[in-house]
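Let the hints inform the model, and build the full structure from the sequences given.
These are the residues of each chain, in order.
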Amino acid sequence: MMWLADNAWVAVALPALFALLVALVGRADRLVAPLLGIGSAASVLLSGIAVLLTVAEGRTPAAATIRWLPSEEGILAIGWSADGLVGSMLVVVGFVSLMVMVYSAGYMAADEGRVRYYALLSLFLAAMSLVVVSDGLLGLFIGWELMGVCSYLLIGHWTIKPAAAAAAKKAFLVTRVGDVGLLAGIVLLWSHAGALDYESLAAVIDTLSPDILTTVALLLAVGAIGKSAQFPLHIWLPDAMEGPTPVSALIHAATMVAAGVFLIARTWPIYELAPLATYVLLGIGVATALGAALVACVQTDIKRVLAFSTISQLGFMFAALGAGYWGVAMFHLVTHAAFKSLLFLAAGSVIHSSGTQDLRKMGGLRKGMQFTFEAWTFGALALAGIFPTSGFFSKDKILYIVTSENLPAGALLFLTTAITAYYVARVTVLVFFGPRNSRKKPHETGLAMSIPPLILAIPAVGLGYLAKPSIELMAAEYVGFDLPVALIATGVALLGVAIGVFLHRSGPSADIAFERRLGGVWGWIQAGYRLDSVVQKSVSRPSLGLARAAYRHIDRDLVDRAVIGVGSTANFLGERLRRLQNGDTQWYISMGFIGLIVLYSLSVSWDRIHVWLTGGG
Amino acid sequence: MNFVLVASILFGLGLYGVLSRRDVIAVLASVELMLGAATVMLVGLAGLPSLSSQGGADPGTIEATGLLLLVMAAAAAAVGLALLVAIARSTGRTRTDELTDVRDRP
Numbered sequence: 001m002m003w004l005a006d007n008a009w010v011a012v013a014l015p016a017l018f019a020l021l022v023a024l025v026g027r028a029d030r031l032v033a034p035l036l037g038i039g040s041a042a043s044v045l046l047s048g049i050a051v052l053l054t055v056a057e058g059r060t061p062a063a064a065t066i067r068w069l070p071s072e073e074g075i076l077a078i079g080w081s082a083d084g085l086v087g088s089m090l091v092v093v094g095f096v097s098l099m100v101m102v103y104s105a106g107y108m109a110a111d112e113g114r115v116r117y118y119a120l121l122s123l124f125l126a127a128m129s130l131v132v133v134s135d136g137l138l139g140l141f142i143g144w145e146l147m148g149v150c151s152y153l154l155i156g157h158w159t160i161k162p163a164a165a166a167a168a169k170k171a172f173l174v175t176r177v178g179d180v181g182l183l184a185g186i187v188l189l190w191s192h193a194g195a196l197d198y199e200s201l202a203a204v205i206d207t208l209s210p211d212i213l214t215t216v217a218l219l220l221a222v223g224a225i226g227k228s229a230q231f232p233l234h235i236w237l238p239d240a241m242e243g244p245t246p247v248s249a250l251i252h253a254a255t256m257v258a259a260g261v262f263l264i265a266r267t268w269p270i271y272e273l274a275p276l277a278t279y280v281l282l283g284i285g286v287a288t289a290l291g292a293a294l295v296a297c298v299q300t301d302i303k304r305v306l307a308f309s310t311i312s313q314l315g316f317m318f319a320a321l322g323a324g325y326w327g328v329a330m331f332h333l334v335t336h337a338a339f340k341s342l343l344f345l346a347a348g349s350v351i352h353s354s355g356t357q358d359l360r361k362m363g364g365l366r367k368g369m370q371f372t373f374e375a376w377t378f379g380a381l382a383l384a385g386i387f388p389t390s391g392f393f394s395k396d397k398i399l400y401i402v403t404s405e406n407l408p409a410g411a412l413l414f415l416t417t418a419i420t421a422y423y424v425a426r427v428t429v430l431v432f433f434g435p436r437n438s439r440k441k442p443h444e445t446g447l448a449m450s451i452p453p454l455i456l457a458i459p460a461v462g463l464g465y466l467a468k469p470s471i472e473l474m475a476a477e478y479v480g481f482d483l484p485v486a487l488i489a490t491g492v493a494l495l496g497v498a499i500g501v502f503l504h505r506s507g508p509s510a511d512i513a514f515e516r517r518l519g520g521v522w523g524w525i526q527a528g529y530r531l532d533s534v535v536q537k538s539v540s541r542p543s544l545g546l547a548r549a550a551y552r553h554i555d556r557d558l559v560d561r562a563v564i565g566v567g568s569t570a571n572f573l574g575e576r577l578r579r580l581q582n583g584d585t586q587w588y589i590s591m592g593f594i595g596l597i598v599l600y601s602l603s604v605s606w607d608r609i610h611v612w613l614t615g616g617g
Numbered sequence: 001m002n003f004v005l006v007a008s009i010l011f012g013l014g015l016y017g018v019l020s021r022r023d024v025i026a027v028l029a030s031v032e033l034m035l036g037a038a039t040v041m042l043v044g045l046a047g048l049p050s051l052s053s054q055g056g057a058d059p060g061t062i063e064a065t066g067l068l069l070l071v072m073a074a075a076a077a078a079v080g081l082a083l084l085v086a087i088a089r090s091t092g093r094t095r096t097d098e099l100t101d102v103r104d105r106p
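Going down the list, the sequences are from chains A and B. Position 527 of the first sequence, counting from 1, maps to 527 under our numbering, and the rest follow consecutively. Position 30 of the second sequence, counting from 1, maps to 30 under our numbering, and the rest follow consecutively.
If you are wondering where the hints come from, they were derived from the structure by calculation, not from laboratory data. The reader is advised that the hints may include incorrect statements.
[As the list claims (entries may be wrong)] Pair by pair, the computed Cβ-Cβ distance ranges are:
(1) Ala78/B x Ala570/A: 43 to 49 Å
(2) Met72/B x Tyr588/A: 21 to 27 Å
(3) Ser8/B x Val559/A: 55 to 61 Å
In this text, a Cβ means the ideal position worked out from N, Cα and C, and glycines have one as well.
Here it is, written out as structure tokens:
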């Protein structure tokens with residue numbers, strides 16, 4: 001166990017090895033791929049637990065650095081280090097992925113691409129662990145990009161679905177925008193600080209000018225915003241739901257999308273000295289939380305509701321970062337990972353059982369899916385922030401710190417809390433209560449799929465009581481429980497739940513009434529404020545036009561013409577020259593004789609020509 | 001030094017014939033003329049006193065070489081004519097502007 005804590009790189013190496021093994025021998029037996037996947041999840045989880053235990057004993061786990069790329073400016077080093085923050089993140093990733101791997105054994109049992117699926121999930125785990133245990137931004141960036149690739153490939157898992165292919169491409173391109181910002185920030189930091197590992201950075205950071213620090217902080221935040229699906233780079237996440245549901249649970253709810261929060265927590269010393277960047281984080285976080293929650297209220301696809309809910313909850317985390325408490329943001333990340341992956345896995349069971357993702361076609365699933373319903377209820381309560389679930393505690397802390405930092409922002413977050421409770425209640429009622437709207441008889445979906453959500457319910461409910469020790473393990477500032485905030489939050493949440501239950505008690509008819517009353521506004525919100533078409537018009541189409549113009553005028557008219565011109569010139573000259581070779585022997589002899597005369601006269605007069613050429617020198 | 005003039009005229013006539021005549025037999029005859037010009041030059045040079053006094057070859061040897069050249073030219077002409085007969089038999093062509101098979105066919 002000690003060895004595991006001191007060698008955090010194992011959390012990267014083992015999943016990577018297992019990914020390779022899955023790809024090589026995964027076809028041998030039905031159980032091989034799931035078991036190897038479970039093995040890689042378990043290795044990450046064990047590493048995390050070992051690190052946390054070591055930190056709890058008051059010892060810092062060993063770190064090491066490999067001098068990797070020498071350059072004129074210094075040496076680019078890559079290495080690993082571990083502390084409470086790293087340990088917590090590893091535990092979250094390991095635990096959720098363990099549940100997802102088990103769940104996938106049921107969910108993907110009949111899928112033809114299972115081997116590829118498990119190999120990619122394991123590779124994703126390796127990449128995520130690399131992001132977490134890296135001792136600097138260089139290793140983090142490598143893992144960050146690897147995660148992006150795995151996410152792309154897993155969203156597009158069902159390659160025959162055009163929507164999945166389009167969603168994968170969109171996710172890849174949009175996150176790339178953020179990644180460019182991250183890379184620019186890393187390069188800027190390297191050129192001014194001369195180091196990329198957190199330890200050296202913390203030592204030299206005071207000597208940098210505030211302008212540089214603010215720029216770096218904002219650029220890193222662009223990367224975080226892209227990965228964590230914050231406004232305005234959130235548009236890829238709802239589409240990413242085209243991937244298999246366990247992937248949505250692991251990558252697009254619990255772990256990868258939370259990497260942005262982790263990045264900012266890990267580089268917190270920079271943000272401490274860049275107040276402007278934290279204001280930006282606060283603003284983006286609050287705007288995203290509120291905006292996405294509103295959109296979640298009117299979605300008809302259960303996975304899209306959860307996707308917008310994830311965006312909204314990540315907004316809460318960004319708001320906490322913006323208010324200056326990264327420990328609170330990380331705590332909400334941990335609880336959110338538990339209850340949101342639970343909700344996704346339960347939603348997967350619901351989809352599996354009812355054969356549709358459309359909320360209006362579900363209903364009455366409570367009977368026949370007892371376990372899934374119970375697990376869902378715990379997750380829903382946590383998401384709504386109802387006492388005594390984990391979401392209540394983590395959200396209470398965020399509301400408290402944001403309200404004391406900035407009252408209007410806090411008020412907006414309270415409003416978001418009410419909206420969150422409303423859409424959670426709406427989904428729950430539409431899915432599990434009311435009349436059954438599909439002819440398919442609801443049924444439980446097998447042990448592999450009903451147990452993981454139930455296990456996840458334990459942290460989803462209980463984590464709240466571990467707030468103090470877990471935030472203190474991360475060596476972050478702890479924020480106590482605040483009764484007035486908690487009372488108001490509970491009040492608005494209960495109000496939201498009540499409205500949600502009341503309006504939707506008789507099925508999806510309330511939505512239809514709303515839609516008729518609100519008309520265009522409804523459609524506007526449902527389409528995510530039509531941001532997609534704005535991006536389409538302002539970014540995609542101009543760049544496509546630019547690309548087309550470049551193709552037409554530069555590639556075809558300039559480059560192609562030059563290349564073809566070289567060929568046709570040679571051809572033209574060759575065509576003229578080949579007339580010399582007419583097969584007439586006497587013509588050849590004439591040419592040879594003329595050549596002889598020319599060479600002879602040159603050779604006898606060479607001395608004079610030489611003198612003439614060199615000007616008598 | 002008249003032999004140089006004679007050799008030059010012979011060579012020029014031969015070259016002109018080789019380059020301009022379309023009849024292959026005439027071309028062969030012109031080649032013989034050029035060869036004769038070279039032989040005249042060789043024998044004429046052998047008679048120059050300065051050459052033998054500088055340790056050159058014995059004039060008698062050179063004259064014998066000239067005779068050898070005549071024989072060789074006759075032999076070469078015989079081979080050439082034989083080839084020509086073979087070409088004429090297989091293709092039915094005896095004019096140089098018809099015999100252009102050495103070129104690359106387009």
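The hints, checked one at a time:
1. Ala78/B x Ala570/A: 43 to 49 Å: holds, 46 Å
2. Met72/B x Tyr588/A: 21 to 27 Å: Check passed, 24 Å falls within 21 to 27 Å.
3. Ser8/B x Val559/A: 55 to 61 Å: holds, 60 Å
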